[in-house]
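Chemist: Given the coordinates of chain U, work out where chain G should sit on it, guided by the hints.
Going line by line, the protein sequences match chains U and G.
Residue numbering for the first sequence follows the numbering used here, beginning at 4 and increasing consecutively.
Residue numbering for the second sequence follows the numbering used here, beginning at 2 and increasing consecutively.
Misleading hints may appear alongside valid ones.
With a straight-line cut-off of 20 Å between C-alpha atoms, the simulated EDC-like cross-links for lysine to aspartate or glutamate are [unchecked claim]:
(1) U:173 x G:61
(2) G:120 x U:96
(3) G:123 x U:87
(4) U:224 x G:58
(5) G:164 x U:98
(6) G:123 x U:136
(7) G:123 x U:70
(8) G:123 x U:143
(9) G:155 x G:197
(10) G:164 x U:143
(11) U:124 x G:17
(12) G:123 x U:98
(13) U:224 x G:62
(14) G:120 x U:143
(15) G:123 x U:139
(16) U:173 x G:60
(17) U:49 x U:96
(18) G:95 x U:143
(19) U:138 x U:149
(20) G:120 x U:98
(21) U:224 x G:168
(22) U:173 x G:62
(23) G:164 x U:139
(24) U:162 x G:58
(25) U:224 x G:61
Computed from the model, here is a short list of chain U residues facing chain G with C-beta under 7 Å [stated by the list, open to error]:
(26) 31
(27) 97
(28) 108
(29) 112
(30) 126
(31) 175
(32) 226
(33) 228
(34) 229
(35) 232
(36) 234
The calculated label-pair distances, taken between Cβ atoms and stated as ranges, are [as the list claims (entries may be wrong)]:
(37) U:118 x G:18: 34 to 42 Å
(38) U:76 x G:205: 39 to 47 Å
(39) U:220 x G:191: 54 to 62 Å
If you are wondering where the hints come from, they were derived from the structure by calculation, not from laboratory data.
All values reported here derive from a predicted model rather than from experimental measurement.
Beta carbons are placed, not taken as given, at the ideal position from N, Cα and C, and that holds for glycine.
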Amino acid sequence: MKKIYDSADKALEGLLDDGMLIAAGGFGLCGIPELLIDALVESGVKDITIASNNCGVDGFGLGKLLDTKQIKKMMSSYVGENAEFMRQYLSGELELEFNPQGTLAERMRAGGCGIPGFYTKTGVGTVIAEGKDHKDFNGETYIMEEGIFADLSIVKAWKADETGNLIFRKTARNFNPPAAMCGKVCVVEVEEIVPTGSLDPDHIHLPGIYVHRIIQGEHEKRIEQRTVRTA
Amino acid sequence: MWDRNQMAARAADELEDGWYVNLGIGIPTLVANYVGDKDITLQSENGMLGMGPFPLEGDEDPDLINAGKQTITELPRTAYFDSAQSFGMIRGGKIAAAILGAMEVAENGDLANWMIPGKLVKGMGGAMDLVAGVGRVIVVMDHTNKHGDSKLLKECTLPLTGKNVVDRIITNLGVLDVVEGGLKIVETADGVTEDELRAATEATIV
Numbered sequence: 004m005k006k007i008y009d010s011a012d013k014a015l016e017g018l019l020d021d022g023m024l025i026a027a028g029g030f031g032l033c034g035i036p037e038l039l040i041d042a043l044v045e046s047g048v049k050d051i052t053i054a055s056n057n058c059g060v061d062g063f064g065l066g067k068l069l070d071t072k073q074i075k076k077m078m079s080s081y082v083g084e085n086a087e088f089m090r091q092y093l094s095g096e097l098e099l100e101f102n103p104q105g106t107l108a109e110r111m112r113a114g115g116c117g118i119p120g121f122y123t124k125t126g127v128g129t130v131i132a133e134g135k136d137h138k139d140f141n142g143e144t145y146i147m148e149e150g151i152f153a154d155l156s157i158v159k160a161w162k163a164d165e166t167g168n169l170i171f172r173k174t175a176r177n178f179n180p181p182a183a184m185c186g187k188v189c190v191v192e193v194e195e196i197v198p199t200g201s202l203d204p205d206h207i208h209l210p211g212i213y214v215h216r217i218i219q220g221e222h223e224k225r226i227e228q229r230t231v232r233t234a
Numbered sequence: 002m003w004d005r006n007q008m009a010a011r012a013a014d015e016l017e018d019g020w021y022v023n024l025g026i027g028i029p030t031l032v033a034n035y036v037g038d039k040d041i042t043l044q045s046e047n048g049m050l051g052m053g054p055f056p057l058e059g060d061e062d063p064d065l066i067n068a069g070k071q072t073i074t075e076l077p078r079t080a081y082f083d084s085a086q087s088f089g090m091i092r093g094g095k096i097a098a099a100i101l102g103a104m105e106v107a108e109n110g111d112l113a114n115w116m117i118p119g120k121l122v123k124g125m126g127g128a129m130d131l132v133a134g135v136g137r138v139i140v141v142m143d144h145t146n147k148h149g150d151s152k153l154l155k156e157c158t159l160p161l162t163g164k165n166v167v168d169r170i171i172t173n174l175g176v177l178d179v180v181e182g183g184l185k186i187v188e189t190a191d192g193v194t195e196d197e198l199r200a201a202t203e204a205t206i207v
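Excised from the complex, chain G in its bound form:
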């Protein structure tokens, strides 16, 4: 079974040299630590390409934050732009991939990650735009929820963020692709058998 960092490292393997990529909050943020020598430019949808690491103490700049409102830094390649242009490049398919977390993914690629009815609704932020617009949508999440139920479902039960949008799912148990008719196992995590992965998955595995 993979831990958070191993999942992030596996997700980083998905990225190709030269790609412009948007990373979501949580485990996806850790992906930046594992890109190695690949030339990857990170987009922050509040208006920046070429996002750098967190600042050293004392170097925080209130005018320089990421989409999670955290203080960050710029790089030599950094470019800034407004929100309309930022989502223009997202909607326009210029961002090669988005890596994001999810509450549920369905076997047809439906994604739910923005609201739980009856609970506090904070909003979708840029998630709907990202999953509708980027080249590849890669979900990184735990395979099951805290009750042990599969988060990979035949159909999502929560309100959708996007319909038929997910390409690949990386969980603590392995990697699956959304294909015709269901999910296809690409690989299993260290120490996880294919039977164990199937047993933990509600969605159809083809």
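Chain U with its partners taken away, still in its complex shape:
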């Protein structure tokens, strides 16, 4: 089965429905699926829920889908870098479900592993725990969190082979593997597609079983906070 597609819009063909749940990789603007986000904007798909640690910045990354009002709800841990996000949220146009960052990552991982719920100490005694099942294990209290089962995963990796085996680069890995795992269909954009057999099998970060469609393209890779030291 051929997994390689010519473009982001072709790779998303037949996968988009209004009201769907999409899991997206990336942390801040690092390792975000820029090309697939652009294709989502072009597609006009609406009322989507996105599980992603952040929501881009104004005019870039997932922020583009805010500008076009295609997002109904975000499941995130931190959304502080986006004025349009705050405007839509405060006016009631946009729903927001805060998740502690590790809980969000584990909810994606769990969904990808067929685990519908798990218990964690994170958030016990805070607003996050309200309405959630509490259970004691070995004298400590935990709350239940549910696995995320997304309709679609959109991810960014560094390299893929033709079968979808993936390698990520530095901290651009972040949420991409768990986001990839939790979708019914996973579409990946990479900087380079290499011939099958050219990646060391011991160095694969995410095996191609999780990857259904692949595109290659140019990435802007915008830096959010450029910080340097003097020699």
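Modeler: Showing chain G alone in chain U's frame:
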């Protein structure tokens, strides 16, 4: 009274050779400058152990950032991993200590540092996971807020980041531990008397 750098230096004294440590944003970030000869590995919760300093101009890499989204560098010991594994090691208690800032700490160790009702809510990021999971939670903050009110309280007034999670508090006035029944003064900052520290503190001092 200690300034920001002296508070960071005092916090660095808390770290033991061989520890894996997570530093928060603000004064906690400065702690890295004062670890001296100790073998400390810094974790960045976006997926890295062995965080290095900021890059030299021209060496910035958009694929290499810390949890504050700042460009950083790697070290010979660096390892990268995904967010689920990153918080697995946090939740799993593998990180010896987290040093972080706070808006309020209560005498029972409750911590509030993520939201002020009615103000812009940005999110908790990884703070709830860190305080629930790491071995030791060390708060570094000013003793009072900009109105001069104590940030060490009998009970937190703001929404909590974690319940009974703080072990030690380092402020511009001194060092306090969360113990049975309240806070215990460990030491006072240079030029600060114990009476002055008590007078600036709302929480019960035992």
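Chemist: So, for every hint listed, does it hold in this structure?
Modeler: Verification of the hints:
1. U:173 x G:61: Given pair residue 173 of chain U, residue 61 of chain G holds - Cα atoms ~13 Å apart, limit 20 Å.
2. G:120 x U:96: Measuring from Cα to Cα gives roughly 18 Å; hence the hint holds.
3. G:123 x U:87: holds (13 Å)
4. U:224 x G:58: holds (17 Å)
5. G:164 x U:98: violated (27 Å)
6. G:123 x U:136: Given that 20 Å is the threshold and the Cα spacing comes to 26 Å, the pair is violated.
7. G:123 x U:70: Holds - the C-alpha atoms of residue 70 of chain U and residue 123 of chain G are around 19 Å apart, at most 20 Å.
8. G:123 x U:143: Violated: residue 123 of chain G and residue 143 of chain U sit about 29 Å apart, past 20 Å.
9. G:155 x G:197: Distance ~18 Å between residue 155 of chain G and residue 197 of chain G Cα, so the pair holds.
10. G:164 x U:143: Status holds; Cα separation ~12 Å.
11. U:124 x G:17: violated (26 Å)
12. G:123 x U:98: holds (14 Å)
13. U:224 x G:62: The given pair, whose Cα atoms are some 9 Å apart, holds under the 20 Å limit.
14. G:120 x U:143: violated (33 Å)
15. G:123 x U:139: violated (31 Å)
16. U:173 x G:60: Since the Cα atoms of residue 173 of chain U and residue 60 of chain G sit roughly 14 Å apart, the hinted pair holds (cutoff 20 Å).
17. U:49 x U:96: holds (13 Å)
18. G:95 x U:143: Roughly 18 Å between the alpha carbons, so the hint for residue 95 of chain G and residue 143 of chain U holds.
19. U:138 x U:149: The hint holds at about 14 Å.
20. G:120 x U:98: holds (17 Å)
21. U:224 x G:168: violated (40 Å)
22. U:173 x G:62: holds (9 Å)
23. G:164 x U:139: Roughly 15 Å between the alpha carbons, so the hint for residue 164 of chain G and residue 139 of chain U holds.
24. U:162 x G:58: violated (27 Å)
25. U:224 x G:61: With Cα atoms ~12 Å apart, residue 224 of chain U and residue 61 of chain G stay inside 20 Å; holds.
26. 31: Holds, about 4 Å.
27. 97: violated (13 Å)
28. 108: Holds: closest Cβ of chain G sits about 4 Å from residue 108 of chain U, inside 7 Å.
29. 112: Hint holds; residue 112 of chain U Cβ to chain G Cβ min 4 Å, cut 7 Å.
30. 126: holds (5 Å)
31. 175: holds (4 Å)
32. 226: holds (5 Å)
33. 228: The hint holds - residue 228 of chain U has a Cβ within 7 Å of chain G, the shortest such distance being about 4 Å.
34. 229: holds (6 Å)
35. 232: holds (4 Å)
36. 234: It holds, given that the least Cβ distance between residue 234 of chain U and chain G is near 6 Å, below 7 Å.
37. U:118 x G:18: 34 to 42 Å: holds (38 Å)
38. U:76 x G:205: 39 to 47 Å: holds (43 Å)
39. U:220 x G:191: 54 to 62 Å: Holds: the Cβ-Cβ distance is about 57 Å, inside 54 to 62 Å.
The structure does not agree with the numbered hints 5, 6, 8, 11, 14, 15, 21, 24, 27 stated previously, though it agrees with the rest.
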